[in-house]
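Asker: Line by line, the protein sequences give chains A and B.
The first sequence begins at 1 in our numbering and counts up by one.
The second sequence begins at 1 in our numbering and counts up by one.
Check each hint, because a few of them may be wrong.
Unchecked claim - What follows is a list of derived Cβ distance ranges for each label pair:
no.: 1; chain 1: A; residue 1: F333; chain 2: B; residue 2: W267; range: 21 to 29 Å
no.: 2; chain 1: B; residue 1: V570; chain 2: A; residue 2: Q39; range: 30 to 38 Å
no.: 3; chain 1: B; residue 1: R531; chain 2: A; residue 2: R309; range: 42 to 50 Å
Rather than coming from a laboratory, the hints here were simulated on the basis of the structure.
Note that the Cβ used here is the ideal one computed from N, Cα and C, for glycine as well.
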Amino acid sequence: MILNSDISFILFCLLNPGFVLLISPLYMSLIKKVKAAAQGRKGPRLLQSYYDLRKLLHREVVYSPTSSGIMRVTPYLNLAVLLLASLFVPVIFIPEAPAGIGNIIVFIYLLAIERFFTALSGLDAGSPFGGMGSSRAMSLAAVIEPTMVIAFAALAYVLKTVDLHEMFAITSASAIPVSPTLVLVSISLFIIIIVETGRLPVDNPATHLELTMINEAMILEQSGKNLALIELTHSVKQTLLMAVLINILVPVGLSGGFSGGLTGGLSGGSNLANLAVSGLLGSALAFLVKAGLLAVIIGLFESSLSKMRLFRLPAFYMMAFFFSALTILMEVFA
Amino acid sequence: MSEPLLTGGLALLLLGTALSFLYRSKNCRTVSLGLTFLSSGLLSAFAAGMLYGGREVLIESYSFLSPLEFSFFIDRLSAGFVLLISLVTLGVSLYSIKYVEDEKSEGRKSLHVALMNLFIFSMLLVVLSANGFSFLFFWELMSISSLFLVIYEYEKPESGKAALFYFIMTSLSTVFLFSAFIGLYTRTGSFDFRGFGLLSPEALSWTFLSLFFGFAIKAGAVPFHKWLPYAHPASPSNISALMSGVMLKVAIYGLLRFLLAVEPELWWGVLVLAFGSFSALLGVVYALKENDIKRMLAYSSIENVGLILIGIGLYLIFRVSGLAGLAGLSLAAAGFHCLNHALFKSLLFMAAGSVVHETGTRNLEDLGGLVKHMPQTALLFLIGSVSIAALPPMNGFVSELMLFQAFFSSSALAGAEAPFLKVLLVLSLSAFALTSALAATLFVKVFGITFLAKPRTEGAERAREVPKLMLLGQAIPAALCILTGLFSARLFTLFGLPVGFGSGAEAEVPDMLFVGGILMVTYLLVWLSVRNFGPSSGPRVCKETWGCGGLAQHPSMEYSPAGFSEPLVVIFKKIYRTQLSSSRSFADSQDCVFEHGTAEIRLIKFFEEYLYLPVAQAVDRVSMKVAGLQNGRLDTYVLYVFLAVIALMGFTRWFA
Numbered sequence: 001m002i003l004n005s006d007i008s009f010i011l012f013c014l015l016n017p018g019f020v021l022l023i024s025p026l027y028m029s030l031i032k033k034v035k036a037a038a039q040g041r042k043g044p045r046l047l048q049s050y051y052d053l054r055k056l057l058h059r060e061v062v063y064s065p066t067s068s069g070i071m072r073v074t075p076y077l078n079l080a081v082l083l084l085a086s087l088f089v090p091v092i093f094i095p096e097a098p099a100g101i102g103n104i105i106v107f108i109y110l111l112a113i114e115r116f117f118t119a120l121s122g123l124d125a126g127s128p129f130g131g132m133g134s135s136r137a138m139s140l141a142a143v144i145e146p147t148m149v150i151a152f153a154a155l156a157y158v159l160k161t162v163d164l165h166e167m168f169a170i171t172s173a174s175a176i177p178v179s180p181t182l183v184l185v186s187i188s189l190f191i192i193i194i195v196e197t198g199r200l201p202v203d204n205p206a207t208h209l210e211l212t213m214i215n216e217a218m219i220l221e222q223s224g225k226n227l228a229l230i231e232l233t234h235s236v237k238q239t240l241l242m243a244v245l246i247n248i249l250v251p252v253g254l255s256g257g258f259s260g261g262l263t264g265g266l267s268g269g270s271n272l273a274n275l276a277v278s279g280l281l282g283s284a285l286a287f288l289v290k291a292g293l294l295a296v297i298i299g300l301f302e303s304s305l306s307k308m309r310l311f312r313l314p315a316f317y318m319m320a321f322f323f324s325a326l327t328i329l330m331e332v333f334a
Numbered sequence: 001m002s003e004p005l006l007t008g009g010l011a012l013l014l015l016g017t018a019l020s021f022l023y024r025s026k027n028c029r030t031v032s033l034g035l036t037f038l039s040s041g042l043l044s045a046f047a048a049g050m051l052y053g054g055r056e057v058l059i060e061s062y063s064f065l066s067p068l069e070f071s072f073f074i075d076r077l078s079a080g081f082v083l084l085i086s087l088v089t090l091g092v093s094l095y096s097i098k099y100v101e102d103e104k105s106e107g108r109k110s111l112h113v114a115l116m117n118l119f120i121f122s123m124l125l126v127v128l129s130a131n132g133f134s135f136l137f138f139w140e141l142m143s144i145s146s147l148f149l150v151i152y153e154y155e156k157p158e159s160g161k162a163a164l165f166y167f168i169m170t171s172l173s174t175v176f177l178f179s180a181f182i183g184l185y186t187r188t189g190s191f192d193f194r195g196f197g198l199l200s201p202e203a204l205s206w207t208f209l210s211l212f213f214g215f216a217i218k219a220g221a222v223p224f225h226k227w228l229p230y231a232h233p234a235s236p237s238n239i240s241a242l243m244s245g246v247m248l249k250v251a252i253y254g255l256l257r258f259l260l261a262v263e264p265e266l267w268w269g270v271l272v273l274a275f276g277s278f279s280a281l282l283g284v285v286y287a288l289k290e291n292d293i294k295r296m297l298a299y300s301s302i303e304n305v306g307l308i309l310i311g312i313g314l315y316l317i318f319r320v321s322g323l324a325g326l327a328g329l330s331l332a333a334a335g336f337h338c339l340n341h342a343l344f345k346s347l348l349f350m351a352a353g354s355v356v357h358e359t360g361t362r363n364l365e366d367l368g369g370l371v372k373h374m375p376q377t378a379l380l381f382l383i384g385s386v387s388i389a390a391l392p393p394m395n396g397f398v399s400e401l402m403l404f405q406a407f408f409s410s411s412a413l414a415g416a417e418a419p420f421l422k423v424l425l426v427l428s429l430s431a432f433a434l435t436s437a438l439a440a441t442l443f444v445k446v447f448g449i450t451f452l453a454k455p456r457t458e459g460a461e462r463a464r465e466v467p468k469l470m471l472l473g474q475a476i477p478a479a480l481c482i483l484t485g486l487f488s489a490r491l492f493t494l495f496g497l498p499v500g501f502g503s504g505a506e507a508e509v510p511d512m513l514f515v516g517g518i519l520m521v522t523y524l525l526v527w528l529s530v531r532n533f534g535p536s537s538g539p540r541v542c543k544e545t546w547g548c549g550g551l552a553q554h555p556s557m558e559y560s561p562a563g564f565s566e567p568l569v570v571i572f573k574k575i576y577r578t579q580l581s582s583s584r585s586f587a588d589s590q591d592c593v594f595e596h597g598t599a600e601i602r603l604i605k606f607f608e609e610y611l612y613l614p615v616a617q618a619v620d621r622v623s624m625k626v627a628g629l630q631n632g633r634l635d636t637y638v639l640y641v642f643l644a645v646i647a648l649m650g651f652t653r654w655f656a
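Taking the hints into account, I'd like the entire structure generated from these sequences.
Answerer: Structure representation (structure tokens):
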């Protein structure tokens, strides 16, 4: 017997990762475009990332004889992990998911899988650049981890749940942010997006073969369709983290109690179904616009800063840590 | 005794011990270890049955002086730890069959097996003991048998130092336990553990402190951790696997046995939590700096003991605050992490043992590229690394997830101390999060440097895969790491713990089987959809790693382990307390012409130099003073006797 909730979840499993996968490369180009505009250049087309991915997918993969299975498995595994992670962050509508899908800690650690294996594949080919990238990426990720966990703990404190789906349901139920402290957490979340997606001032995604690079150094030995998968994974990760921030701060348009209507529509009349589909399209469009705005902000933020020295970064992270710890303290003493 | 599985298992173990004590041949050792394997199979079945059925068995037995009696008691807690011990032994016994044959002398090989069996036997009986006397008796047997195994390679100078450290620390631990149990006896008239519940609150606090320090020393909590990084590299790898995987947990068992029997107080929880957080963080931070693979694993054990103590601390805090659901969750997390750490740490120690055995070095700087020569060992080590780095859906992740959930739900705390506790928990949570992420970094380093890229030395180049039986011994804990992770929520429900998923569970744990299943499906989908892209014909292209214009890639260009941890060493330089010193001398008076100079970077062994050595020196000075009393002349001794008699008379006159 298939329940309504099952239909809603199966639909969600198809729609949410698919939608995220589809729109993610767009924001990569959008941010590049904004940065180019800020520097007075024309910049790439908005769809350039899609063309790049198509080009890479048709290129051959070159492996180093030094490399092992890690190099071969990592690109596939990472995209799979991020697609799984996309089930934890609803961007169109909130389904009735089975327990555990949506757990915020599982989400953090799914991102950790991606990082773990990317770092291993950086070491795999034995290139000094790869090792350097792995070392820096893992070190910085370790230092940002308390901030990330405290930020999410602050969310759990304010919203009284550890489930991202429930959190979004609570925030989308009210028009203004549930608690003013959420604005503080959002600052931390923004810094986390910057760090986790390797953007200025932490890492410079535009450089190759400079001593400043972190993420690009790790994937230096990747080529062809494997590189395409890794680039895609990276953009999906960026979209998911942006979605967390958007759905906490401005959840307008996210269909909260929509799943009931949707499944009712599927089993009921075509009128209801039409209504449901148009509602979904509306939510999707709303997210597209909101994420676009956030991408513009990220682009402007990147343009206004220069790369920080590696060992200055922990101080930058402390700022994010401060804002999320402050949230918890305010909740404790309120 | 009416428990055939238990009696049979213990008897087989004793038989195995006796066999290898008495006969010195390869066949006897193989049979002996086979008996160990069989016995751990029986005992795991017994313990699983006990856990499932929830029965309790009390075995009163031999008593030779009225209060000093051996009696044994099995409830769910001890059954859980029997399960832990026997599951680890299952793998280690198979691994040891080939591993022990590496030694030259027949006698030492047999002694190794006999002591190992005795060690396992004593650990089992510690966990089964129902009173302080049998607990201490087998506790000492456990310490002594493991001490002999630590100085197994006694020719090496480092073994001597390790054994000395281990001996002193373990004796200190016993002193604390002795005082606690004697206190129990003087107050209740019996060594029975059930007497803990009868103690007055004040006596209980003293007993707690005494037991906590005793067990913390044995479990290797900071600052009593120093013996671990000495003892583990010195002992054979199968013994390291047992000591780190199991013996540390026996100490945790003792602590839990006491805490579950009494009404705790809030400050106990705060103390345990603080010790746990410090041990976890410092353990992993020191591990990152370490380039000796076994010493690194030892530091990582300190970290994991810290995580277990964090779980116990949370349990105490939530229990005192009246939050039974969260207390249950934290306790289950601590217990499950005990099992998980036992599994993946024994796996990692065995795999590291294979690496050391094949390459002849423990230094990460000399390893590399082993994935080509030892593919199965590499896979097993990877499984262990992924589990200990707490990546879903492995078992290590599930226990850390439960701890995180307990932390995240701490907003439920209420009462006068709640604000203080919440701030404390936030601090502890950040330490925990940092620890967890650093552990992932650590194992990227260890796996990446040891197994990936090119071999850095000839020793690493010559390495070959170890025999099948050794691989099988590691495959058991590896399979258990995956299975206990995937089926964690179901196991909790099966064994009747108040955590799990679905209705009826007081605290929800996400179903890892579901997460793992979806991961498999998405992996297949990605693979299927991308498979057909790219040029279809032509051979697979293989090109050398780009070497910045150099023609051939050389291992010396690879990132070194020291280089890998350098960013973190710089960030945490306050903790490492590196001492930079340099001296320069000049040939002229204006300090212009440089003559010669020295520069030194030294890592201060903080605890050793500021805590252990001063204490040791103080003890040494006192001993010298006492030694001065012994001058060997009869008249002096007569004087001492005379003074003693006077003192005694005075004592009886005034005080008694």
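Asker: Evaluate each hint against the coordinates.
Answerer: Going down the list of hints, with the structure as the test:
1. Checked against the hint of 21 to 29 Å, the pair F333(A) and W267(B) passes, with Cβ atoms roughly 22 Å apart.
2. For V570(B) paired with Q39(A), a C-beta distance near 32 Å keeps the hint of 30 to 38 Å intact.
3. Between R531(B) and R309(A) the beta carbon distance is about 43 Å. The supplied range of 42 to 50 Å therefore holds.
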